[in-house]
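Undergrad: Single-letter residue listing:
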Amino acid sequence: MKEVTTGNHAVSYGAMLSRAQVIAAYPITPQTQIVELLSNFCATGKLKAKFLKVESEHSVMAASIGASLAGARAFTATSGQGLALMHEMIHWAANGRLPIVMADVNRSMAPGWSIWTDQNDSLSQRDTGWIQLYCESSQEVTDSIIQGFKIAEKVYLPVMVILDAFVLSHTSEVIDLPDIKLVDKYLPPFKARDMMDMKNPRAFGGLVTPDFNFELKYKIQEAMNQTIPVAKWADREFKRILGRSYGIIEAYKCEKADTILVTSGTITSTSRYVINQLHAQGKKNVGILKIRMFRPFPAKEVVAVLSKAKKVAVIDRNIGYGVGGIFCQEVKAAFGNEKKHPEFFNFITGIGGRDVTPKDIQGIIDYTETHKKPKEDIIWVGLRK
Amino acid sequence: MRNEIPLEENLNSGHLACPGCGGSLSMRLALKALGRKTYLVLTACCWSIIDGPFPYSAVKIPLMHTAFETAGSAASGIRAALDILGKKDITVMAWAGDGGTFDIGIQALSGAAERNEDFIYSCYDNEAYMNTGIQRSSGTPWGAWTTTTPESKGEQKKKIMEIMAAHRIPYAATLSPAYPEDFIRKYKKAKSIKGTKFMHILSPCPPGWKTSSEQSMKLSRMAVESGVFPLYEIENGTKYTLNNPTADFKIKPINEYISMQGRFRHLNKEQIKFMQENVTSEWQRLLRKLKYA
Ligand SMILES: Cc1ncc(C[n+]2csc(CCOP(=O)(O)OP(=O)(O)O)c2C)c(N)n1
Ligand code: SF4
Ligand SMILES: [Mg+2]
Numbered sequence: 063m064k065e066v067t068t069g070n071h072a073v074s075y076g077a078m079l080s081r082a083q084v085i086a087a088y089p090i091t092p093q094t095q096i097v098e099l100l101s102n103f104c105a106t107g108k109l110k111a112k113f114l115k116v117e118s119e120h121s122v123m124a125a126s127i128g129a130s131l132a133g134a135r136a137f138t139a140t141s142g143q144g145l146a147l148m149h150e151m152i153h154w155a156a157n158g159r160l161p162i163v164m165a166d167v168n169r170s171m172a173p174g175w176s177i178w179t180d181q182n183d184s185l186s187q188r189d190t191g192w193i194q195l196y197c198e199s200s201q202e203v204t205d206s207i208i209q210g211f212k213i214a215e216k217v218y219l220p221v222m223v224i225l226d227a228f229v230l231s232h233t234s235e236v237i238d239l240p241d242i243k244l245v246d247k248y249l250p251p252f253k254a255r256d257m258m259d260m261k262n263p264r265a266f267g268g269l270v271t272p273d274f275n276f277e278l279k280y281k282i283q284e285a286m287n288q289t290i291p292v293a294k295w296a297d298r299e300f301k302r303i304l305g306r307s308y309g310i311i312e313a314y315k316c317e318k319a320d321t322i323l324v325t326s327g328t329i330t331s332t333s334r335y336v337i338n339q340l341h342a343q344g345k346k347n348v349g350i351l352k353i354r355m356f357r358p359f360p361a362k363e364v365v366a367v368l369s370k371a372k373k374v375a376v377i378d379r380n381i382g383y384g385v386g387g388i389f390c391q392e393v394k395a396a397f398g399n400e401k402k403h404p405e406f407f408n409f410i411t412g413i414g415g416r417d418v419t420p421k422d423i424q425g426i427i428d429y430t431e432t433h434k435k436p437k438e439d440i441i442w443v444g445l446r447k
Numbered sequence: 045m046r047n048e049i050p051l052e053e054n055l056n057s058g059h060l061a062c063p064g065c066g067g068s069l070s071m072r073l074a075l076k077a078l079g080r081k082t083y084l085v086l087t088a089c090c091w092s093i094i095d096g097p098f099p100y101s102a103v104k105i106p107l108m109h110t111a112f113e114t115a116g117s118a119a120s121g122i123r124a125a126l127d128i129l130g131k132k133d134i135t136v137m138a139w140a141g142d143g144g145t146f147d148i149g150i151q152a153l154s155g156a157a158e159r160n161e162d163f164i165y166s167c168y169d170n171e172a173y174m175n176t177g178i179q180r181s182s183g184t185p186w187g188a189w190t191t192t193t194p195e196s197k198g199e200q201k202k203k204i205m206e207i208m209a210a211h212r213i214p215y216a217a218t219l220s221p222a223y224p225e226d227f228i229r230k231y232k233k234a235k236s237i238k239g240t241k242f243m244h245i246l247s248p249c250p251p252g253w254k255t256s257s258e259q260s261m262k263l264s265r266m267a268v269e270s271g272v273f274p275l276y277e278i279e280n281g282t283k284y285t286l287n288n289p290t291a292d293f294k295i296k297p298i299n300e301y302i303s304m305q306g307r308f309r310h311l312n313k314e315q316i317k318f319m320q321e322n323v324t325s326e327w328q329r330l331l332r333k334l335k336y337a
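Residue numbers (our numbering), protein chains in the order written: chain A, 63 to 447; chain B, 45 to 337.
These are calculated hints, taken from the structure and not from any lab test. Note that the structure is a prediction, hence the values are computed from the model and not measured. Built from N, CA and C at the ideal position, the CB exists for glycine as well. Please note: incorrect hints may appear among the correct ones.
In silico negatives: residues of chain B with every beta carbon more than 10 Å from chain A [as the list claims (entries may be wrong)]:
| id | residue |
| --- | --- |
| 1 | SER196 |
| 2 | TYR223 |
| 3 | PRO224 |
| 4 | GLY239 |
| 5 | GLU258 |
| 6 | LYS283 |
| 7 | THR285 |
| 8 | LYS313 |
| 9 | LEU334 |
The calculated EDC-like cross-link candidates involving lysine to aspartate or glutamate, where the alpha carbons are at most 20 Å apart (straight line), are [said to hold, decoys possible]:
| id | chain 1 | residue 1 | chain 2 | residue 2 |
| --- | --- | --- | --- | --- |
| 10 | A | LYS261 | B | GLU52 |
| 11 | B | LYS131 | A | ASP256 |
| 12 | A | LYS261 | B | GLU279 |
| 13 | B | LYS131 | A | ASP259 |
| 14 | B | LYS81 | A | ASP256 |
| 15 | A | LYS115 | B | ASP127 |
| 16 | A | LYS318 | A | GLU405 |
| 17 | B | LYS202 | B | ASP226 |
| 18 | B | LYS132 | A | ASP259 |
Chain B regions said to be covered by chain A (calculated; three or more residues, Cβ under 8 Å) [as the list claims (entries may be wrong)]:
| id | segment |
| --- | --- |
| 19 | 78-84 |
| 20 | 137-150 |
| 21 | 179-186 |
Kindly produce the complete structure, drawing on both the sequences and the hints.
TA: Below, the structure written as structure tokens:
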């Protein structure tokens, strides 16, 4: 069924189609519409779920953890400050191996107060053991929530589905809402591997001595390793049953590219627009590598695409203060032991919700093509100096 | 008199509590009353150690350890899951210390109580952060020594029961492991009521109170008899019922209770008199509530 929907409502539809059973939520701009629509679904019986209106995001995640451990499919959504407040429980969800799915609407961290997008909120959670999927369109958002549960319930790690504030969360587009019967076929009811169970009473999350803890953490890394093939499988299955696929990364028009832009989120769409125009004009030496899955980082896949290029321009809507763009760090690290690597250019742009326009992308391409090497470690785009 | 203490044991021996720990005896009694159809939520506190390290557990029921401040929220999540999964007959009990309840967890607790979530919240109150080595909490009484009140605590104990009563939850009670029949009866009553139930248990702690372990039950009894920790119930936030064993609404002087505890050793006569005045006035306040409820 075709539906005109915002990125936020695309999240709500994804959770509804996935038949989430417990939704704990707390409002924060720009996420609020997600939970408003979900609360409406619950109130009208469109979704048979318990909607918990808890008193903070910290409690949101604690309640989601409790619900998941007791055997329910748990979903929530947050943004910026809310995600930061959850941080302790973000670790808890992953270390507890709970297949919770959460949407994060990227929001710049305060101060000063900002409701606009950049990725520092979600990227601050990159080492917690959550799988992270960055989305480009509303369609991808709905589909990624559904895929998120499929992946999470296979590898027992939580999944964060990430979308840009306003640029995606509040803009409308037509999406194809999957038939729930097909979603049911793709995503059967959740049957927890380990859960609180009277027939097999066990303790979860208690004191763990150095004698065991190392191994428990090792297993999370093992699950992360498994996640890459599992996510590819989940995407293939999605294609088979629901007719769409995204890949964990996407090489776009890279066949003849000697310069490749590395993008995530909505900057990808803007870049596609520019690249399409260039290719239409016969300039086919520039392509895009979209990174959809950031955790686990698909290093092998990224290297396979980028090693064919002479120059790589990584566009970061985030900053690891004292280092540079976070995607750029990861891309460079992926080449760590490779003998040859392309020249890397790190562009930082769009922080705090500043618009990233086709002109900015064209500027990034021009800079990269006209310089043998970057003149600075960080090339700021759209910054007023 | 019929023995009203169930024989059923849901807490194994071999747990890691100190000898004379009021918290472990209280858990034993609570689980006797609630039975095996109970899910337990434990926050960071002495009990996260008492239960034993991975892969062991001292209780015979499913147990979720959770972060310090999340008893109210984690229990809400479990309740929601059980309800949607059709397992409504399982009781959920959150169990936290005074620190986890009066201080860091009060937001999640207040949220759960305001929503009237259907679970039992138990606070075993040993009147300080014992897990981390005896630091003051807002449940620590005036005058007590702790490592962060090296002279003497200058503030009064927070009136948690009044805070919970102000939420108008269906049931709140004070309990003492020295009165096991009363203890069991209250847990059974809590189990039969839908909504948020708050159980406040005074739990002697020999290392934290600087007492000898064989005196814990005596101290528990003295706390009740002296009115330092009277036993009562509050229904719907307004209906108070006194269960104190003391006759004629009389309380004993606090002197002996205070003098038995090393944490109060530094107090002079004047200070003990000040404490007595406080206890007496709080007791009278409680009696007035009984009358006018
Ligand atoms: C967020 C957070 N802050 C601090 C701690 C450290 N901590 C663990 S238990 C505890 C004290 C617990 O006190 P209480 O709730 O009274 O329980 P008790 O140890 O006395 O049984 C503290 C401070 C923690 N686990 N988490
Ligand atoms: S320190 Fe106190 S509360 Fe903790 S186990 Fe020992 S006696 Fe019990
Ligand atoms: Mg304590």
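Undergrad: If a hint holds in the structure, say so; if it doesn't, say that too.
TA: Against the structure, the hints:
1. The beta carbon of SER196 of chain B sits about 33 Å from the closest Cβ of chain A, which is more than 10 Å, so the claim that it is off the interface holds.
2. At roughly 29 Å, the least C-beta separation between TYR223 of chain B and chain A is larger than 10 Å, which holds for a residue marked as non-interface.
3. PRO224 of chain B, annotated as away from the interface, keeps every beta carbon of chain A farther than 10 Å; the closest lies near 24 Å.
4. For GLY239 of chain B, the requirement that its beta carbon stay farther than 10 Å from each beta carbon of chain A is met, with the minimum near 15 Å.
5. Distance check on GLU258 of chain B: its Cβ is at least 28 Å (rounded) from any Cβ of chain A, clearing the 10 Å threshold; non-interface status holds.
6. Every CB of chain A is more than 10 Å from the CB of LYS283 of chain B (nearest about 27 Å), matching its label as outside the interface.
7. At roughly 30 Å from the closest C-beta of chain A, the C-beta of THR285 of chain B stays outside 10 Å, upholding its exclusion from the interface.
8. Listed as a non-interface residue, LYS313 of chain B keeps its Cβ farther than 10 Å from every Cβ of chain A; the least gap is roughly 44 Å.
9. Remark: the non-interface label on LEU334 of chain B is consistent with the geometry, its nearest Cβ contact in chain A lying 32 Å away (cut-off 10 Å).
10. Using a Cα cut-off of 20 Å, the hinted pair LYS261 of chain A and GLU52 of chain B holds, with the two alpha carbons roughly 17 Å apart.
11. For the proposed pair LYS131 of chain B and ASP256 of chain A, the alpha carbon gap of about 17 Å is at most 20 Å, so the pair holds.
12. Among the hinted pairs, LYS261 of chain A with GLU279 of chain B is inconsistent with the structure: their alpha-carbon atoms are about 34 Å apart, more than 20 Å.
13. With a CA separation close to 11 Å, the supplied pair LYS131 of chain B and ASP259 of chain A stays within the 20 Å bound.
14. This hinted pair checks out: LYS81 of chain B and ASP256 of chain A have alpha carbons roughly 18 Å apart, not beyond 20 Å.
15. Distance restraint check for LYS115 of chain A and ASP127 of chain B: the Cα-Cα separation of roughly 16 Å lies within the 20 Å cut-off, and the hinted pair is therefore satisfied.
16. A distance of roughly 17 Å separates the Cα atoms of LYS318 of chain A and GLU405 of chain A; the hinted pair therefore holds under the 20 Å criterion.
17. Taking the CA atoms of LYS202 of chain B and ASP226 of chain B, the gap is about 24 Å. The hint is violated against a cut of 20 Å.
18. Under the criterion of a C-alpha separation no larger than 20 Å, the hint pairing LYS132 of chain B with ASP259 of chain A is consistent with the structure, at around 14 Å.
19. A stretch counts as covered by a chain when three or more of its residues have a beta carbon under 8 Å from one of that chain; for the segment 78-84 of chain B and chain A the count is 3, and the coverage holds.
20. Evaluation of the coverage hint for the segment 137-150 of chain B: breached, as 0 residues show C-beta separations to chain A shorter than 8 Å, against a requirement of three.
21. Coverage of a stretch by a chain is defined here by at least three residues with a beta carbon nearer than 8 Å to that chain's beta carbons; for the segment 179-186 of chain B and chain A the count is 0, and the condition is violated.
When each numbered hint is compared with the structure, violations occur for hints 12, 17, 20 and 21.
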